[in-house]
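Asker: Let's have the full structure, built from the sequences with the hints guiding it.
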Amino acid sequence: MERANHTVTEFSLVGFKTDPVMQLILFVVFLGVYTVTLVGNIMLITLICNDSRLHTPMYFFIGDLSFLDLWYSSVNSPKILVTCISEDKSISFAGCVAQFLFSAGLGYSDCYLLAAMAYDRYVAISKPLLYSQAMSIRLCAFLVAASYLGGFINSSIITKRTFALNFCGDNVIDDFFCDLLPLVKLACGRKDGYQTLLYFLLASNVIIPLVLILASYLFIITTILRIRSTQGRLKAFSTCSSHLISVTLYYGSILYIYCCPQSSYFMDRNKIGSTFYTVVFPMLNPMIYSLRNKDVKEALNKLFK
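Numbered by our numbering, the letters in the sequence shown go through residues 140 to 444 in order.
Among these hints, one or two may not hold up.
Below, a list of computed lysine-lysine pairs in the PhoX-like style, where the Cα atoms sit at most 25 Å apart [as the list claims (entries may be wrong)]:
| hint | residue 1 | residue 2 |
| --- | --- | --- |
| 1 | K410 | K218 |
| 2 | K218 | K374 |
| 3 | K441 | K374 |
| 4 | K374 | K436 |
| 5 | K324 | K374 |
| 6 | K299 | K410 |
| 7 | K324 | K410 |
| 8 | K228 | K324 |
| 9 | K433 | K374 |
These are computed hints drawn from the structure, not numbers from a lab.
Remember, it's a predicted structure, so these values are computed and weren't measured experimentally.
Answerer: Below you can see the structure in the form of structure tokens.
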């Protein structure tokens, strides 16, 4: 009874349970990933801001995605690095709340922003002559602002409900950061209404944006098939390939974790999945949108010259 009435004031982040040498190796790996993430996203944002040829709606969204990834990675990576090398793996209750709020908010915003980018690609391919007018600066700014607003409204709701749960047992989070599933696992008592909220947020923040992306690409494919020349089809599809890779990687890792039945929930597997979309994915995006993009390569050469 004394244990059941205990109120948690801090949590302990486990990370991967390995020997000190492996912990050091993980620290070096995560530090390298975080450094590449910072350099890659800052450089891509700089290129888009400085080169007038990249002042188009598509690159406006790519720049905002880089800014989001920069912020998203910085919410989790510093604490992950500390967890790898420090014996003190604790995080305060308030710190866990803040990390959870921003991590969920940026993750949800990423889903909405990828959906907005899919709509942008649909307009660019289906209405190329009216693209600049249809995707005005005002509309682009509205879509980005709506992505952040929707993401953080839903994040505020799930954060409030999650930390209102009764954490009466262990305070050990079996993960690198304050993530949803490990926190729910620590909570005790009835969680029927909370489970319903989780399904609602999963539908509104992940499934609905994914459906919008799939619908956009259905129209994009229909438009591409109407193009008579093979070269024209390849050129139209190449403008979507980078975005399609980002969507596949990001949504694939999220659905891999959160759409699995509770009975098949394995912590080590989900640690890898959550680490991918919170740490690795922000590093990959600048590569995806620069290595496959002729305009970005030319802007990069111009910057170094």
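Asker: Take the hints in turn and mark each one as holding or not.
Answerer: The hints, checked one at a time:
Using a Cα cut-off of 25 Å, the hinted pair K410 and K218 holds, with the two alpha carbons roughly 15 Å apart. Annotation: proposed proximity of K218 to K374 is violated, straight-line Cα distance about 43 Å (limit 25 Å). Annotation: proposed proximity of K441 to K374 holds, straight-line Cα distance about 24 Å (limit 25 Å). Annotation: proposed proximity of K374 to K436 holds, straight-line Cα distance about 17 Å (limit 25 Å).
Simply put, K324 and K374 have alpha-carbon atoms about 48 Å apart, too far for the 25 Å limit, and the pair is violated. Between K299 and K410 the alpha-carbon distance is near 23 Å, which keeps this suggested pair within the 25 Å criterion. This hinted pair checks out: K324 and K410 have alpha carbons roughly 14 Å apart, not beyond 25 Å. Proposed proximity of K228 and K324 is supported: the alpha carbons are some 19 Å apart, at most 25 Å.
For the given pair, K433 sits about 12 Å from K374 by alpha-carbon distance, which is consistent with the 25 Å threshold.
Going down the numbered hints, you'll see the structure goes against 2 and 5, while the others check out.
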